[in-house]
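Engineer: Letter by letter, the chains look like this.
There are 2 protein chains.
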Amino acid sequence: MTRLVQKFGGTSVADVQRIRKAAEIAVAAVAEGHEVATVVSAMGHTTDHLISLAEQVTQQPDPRELDMLLTTGEQQSIALMSMAIQSLGGQARSFTGGQAGIITEHQHGFARIKEVRPDAVESSLKRGEIAVVAGFQGVSDHNELTTLGRGGSDTTAVALASALSAERCDIYTDVNGVYTADPRLLHEARKLTAVSYEEMLELAAAGAQVMNARSVELAMDTQVAVRVRSTFEPHDTGTLITHHLVSPEYTICGIACDMSHASLCLTTPMVDGSHSQLEGISGLFTRLKELGIVTDMVMLLAREDEPSQELAFTVEKRSLLRVQSIIEALDRELGHPKLTVDTDIARISVIGRGLTARPAVVADIFESLFSAAIPVQMVATGDIKVSALVPAKHARDAVKSIHNRFEL
Amino acid sequence: MTRLVQKFGGTSVADVQRIRKAAEIAVAAVAEGHEVATVVSAMGHTTDHLISLAEQVTQQPDPRELDMLLTTGEQQSIALMSMAIQSLGGQARSFTGGQAGIITEHQHGFARIKEVRPDAVESSLKRGEIAVVAGFQGVSDHNELTTLGRGGSDTTAVALASALSAERCDIYTDVNGVYTADPRLLHEARKLTAVSYEEMLELAAAGAQVMNARSVELAMDTQVAVRVRSTFEPHDTGTLITHHLVSPEYTICGIACDMSHASLCLTTPMVDGSHSQLEGISGLFTRLKELGIVTDMVMLLAREDEPSQELAFTVEKRSLLRVQSIIEALDRELGHPKLTVDTDIARISVIGRGLTARPAVVADIFESLFSAAIPVQMVATGDIKVSALVPAKHARDAVKSIHNRFEL
Chain S
1 MTRLVQKFGG TSVADVQRIR KAAEIAVAAV AEGHEVATVV SAMGHTTDHL
51 ISLAEQVTQQ PDPRELDMLL TTGEQQSIAL MSMAIQSLGG QARSFTGGQA
101 GIITEHQHGF ARIKEVRPDA VESSLKRGEI AVVAGFQGVS DHNELTTLGR
151 GGSDTTAVAL ASALSAERCD IYTDVNGVYT ADPRLLHEAR KLTAVSYEEM
201 LELAAAGAQV MNARSVELAM DTQVAVRVRS TFEPHDTGTL ITHHLVSPEY
251 TICGIACDMS HASLCLTTPM VDGSHSQLEG ISGLFTRLKE LGIVTDMVML
301 LAREDEPSQE LAFTVEKRSL LRVQSIIEAL DRELGHPKLT VDTDIARISV
351 IGRGLTARPA VVADIFESLF SAAIPVQMVA TGDIKVSALV PAKHARDAVK
401 SIHNRFEL
Chain R
1 MTRLVQKFGG TSVADVQRIR KAAEIAVAAV AEGHEVATVV SAMGHTTDHL
51 ISLAEQVTQQ PDPRELDMLL TTGEQQSIAL MSMAIQSLGG QARSFTGGQA
101 GIITEHQHGF ARIKEVRPDA VESSLKRGEI AVVAGFQGVS DHNELTTLGR
151 GGSDTTAVAL ASALSAERCD IYTDVNGVYT ADPRLLHEAR KLTAVSYEEM
201 LELAAAGAQV MNARSVELAM DTQVAVRVRS TFEPHDTGTL ITHHLVSPEY
251 TICGIACDMS HASLCLTTPM VDGSHSQLEG ISGLFTRLKE LGIVTDMVML
301 LAREDEPSQE LAFTVEKRSL LRVQSIIEAL DRELGHPKLT VDTDIARISV
351 IGRGLTARPA VVADIFESLF SAAIPVQMVA TGDIKVSALV PAKHARDAVK
401 SIHNRFEL
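Sequence lines, in order, name chains S and R. Each residue of the first sequence is one higher than the one before, counting from 1 in this note's numbering. Each residue of the second sequence is one higher than the one before, counting from 1 in this note's numbering.
Hints may be right or wrong, so weigh each one.
Derived contacts from chain R toward chain S, CB cut-off under 10 Å, selection only [stated by the list, open to error]: (1) Ala23; (2) Leu53; (3) Val57; (4) Leu70; (5) Ser82; (6) Met83; (7) Val132; (8) Leu145; (9) Gly149; (10) Ser263; (11) Thr267.
Treat the hints as calculated values from the structure; they're not laboratory data. In this text, a Cβ means the ideal position worked out from N, Cα and C, and glycines have one as well.
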């Protein structure tokens, strides 16, 4: 008897009919002889609805109270999912994050899982029940309700799979696997049968919305095999994410496009106190880290021609107001910079292996964008990812031209 | 510095604007020098919406999973209420039933509070915060989420007031006190400035929807002074419920009308086995008690003229289907009775003190109904309550004629 963790995202439990579909998948896995724990997200747009309720009350909801509010979304899903399994004749028992032993750091809105104490879930599985666990949430040592941040249900699923020594963690979503590019953007995109943790990590971080990046990282660290598959086509085996690649057939595995980021550029005249400016920059990033605001494409450029320095980076648009107020607060330490913000951008990322060893890849990207007459605002290169910022309206063309260039 | 518990019901927190209104009341009490704990119900029709979601999944939701689902309603309210208090400049902290130390029996759907461990709420009050506690819910010793049944938030408020040794428990609702009859039914109804626990208990049990009966009982047992008042007219002092009546001016304190019950009548031919029928009746009531189904106006009548026996009682309409199936299951033990059900009835109750010592009261009730040409189906008398069942369409006239008769 093997053990499976199945995670059902928001679109997979968006209404009662879909919840029943997800319940059927879990019940079928039990009938095939598996022990099954499921991790469930909030129904469809529940989380967004709750956030909008909070924003009607106050523009700056207290993070603790926001967690108190948001955790109700998954709690509703687990109850309904358990009822659906029971109505199909299966046995089920729901668990809030706390009841499932998901212990997190004491930090609201983006807590990290410290530990999973799976005893209660283990007992449930041994009784032959399908354990239905609330994703995205946990409790701190002080019995405070916490949330793991957007996409946190994936992290719950992987952490639980690791704690239960599950054979595999199946991420059920509304697409049937990981593609070389977003199939909604690009019709020619090809589904991958397998992908390595490292590549998936970069794809996720670059905005491929299939899986949350932190959860891929955790899967890599804990060696949990993950399968991304579709709730609506349960017989499709989707894409396997693992160390052991079935066929390492490609160097460049995919292209991701992310429209949720904004770019910021701080231009500072270089006077004597350049050292104190670095202190300001360090202060800025410390503060961003404390608030759990993730930055990407960080670049620092000192211009030779005129004595000025430019600091550029991207952040998620939803963090933009907070980032701007932090910059204002650090205005003196940062040397009174001029701030330029661009929200109308797309970040196109090419993911592969050993890209730094292949400078031709970067050249190819530039060339394909150039030949499509797409202006490039910023480029950042890493070992397995090259990202370029382009105006949002060119996003689709940029993906298409790069995809064609590399014949994915 | 005195301590207050304020309870805000579903209509008082039905939307964001009303939540802000409730928050203002709590903040004002702190400004007047009180320590304040609030108990909050689910917003408006949230509970009904959640029940309907569950019923879309299955006609017989598991009680444990239903509690898991329903407890999210109050959890949303406490988060939003805390945010509202904070946005008014107050300090607040929300508590689920479990976090507030509301420990219940391990029984889903209608758990009784075993104990309140108020340490966390005490600490919150001492830090100067308004503690915002989820009504209607608690946890069992096994860390299972439980609910207290309809109107359970009142019980939470009274139990918390007792555990915190609060000076008073203010029940904020959509009416500004307890009336001699439902003012929506009868324009002449008069607001009482004070009423005894005993009378309020009978009024509540008889269907006056101002307060839940169990909570009044608890207030009586724990000597918590309760004030029923309006969220929308916070300067009105409402009705005080206490042992120490300010002016014991009346014998009959009010009339209640309840349309939520159905009457059942079981007619059994009296053959030899009348003893075994009593066993069946005893089995029936044991089963009803186990399921937490409350009966009222229970009467057993053996007819002399023809050898038959009639058992009549009322139950809440929402329990009717379950009661009917229990009766079917006990058909043999009950002597194959003929069952008559009437759902189109109103139960009119007259509440006062020492009614059995005043048989004239019962006579007056009959006379006033008779003179209004209202047929009476059943009458039950107690020490402080006389109830009569009349056809639903005559409810308003029955209340009016009795109210006039007693010059309330």
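Engineer: For every hint, state whether the structure bears it out.
Structural biologist: We went through each hint and held it up to the structure:
no.	hint	result
1	Ala23	9 Å, holds
2	Leu53	6 Å, holds
3	Val57	5 Å, holds
4	Leu70	8 Å, holds
5	Ser82	5 Å, holds
6	Met83	5 Å, holds
7	Val132	9 Å, holds
8	Leu145	8 Å, holds
9	Gly149	18 Å, violated
10	Ser263	32 Å, violated
11	Thr267	37 Å, violated
Violated hints for the displayed structure, listed by number in ascending order: 9, 10 and 11.
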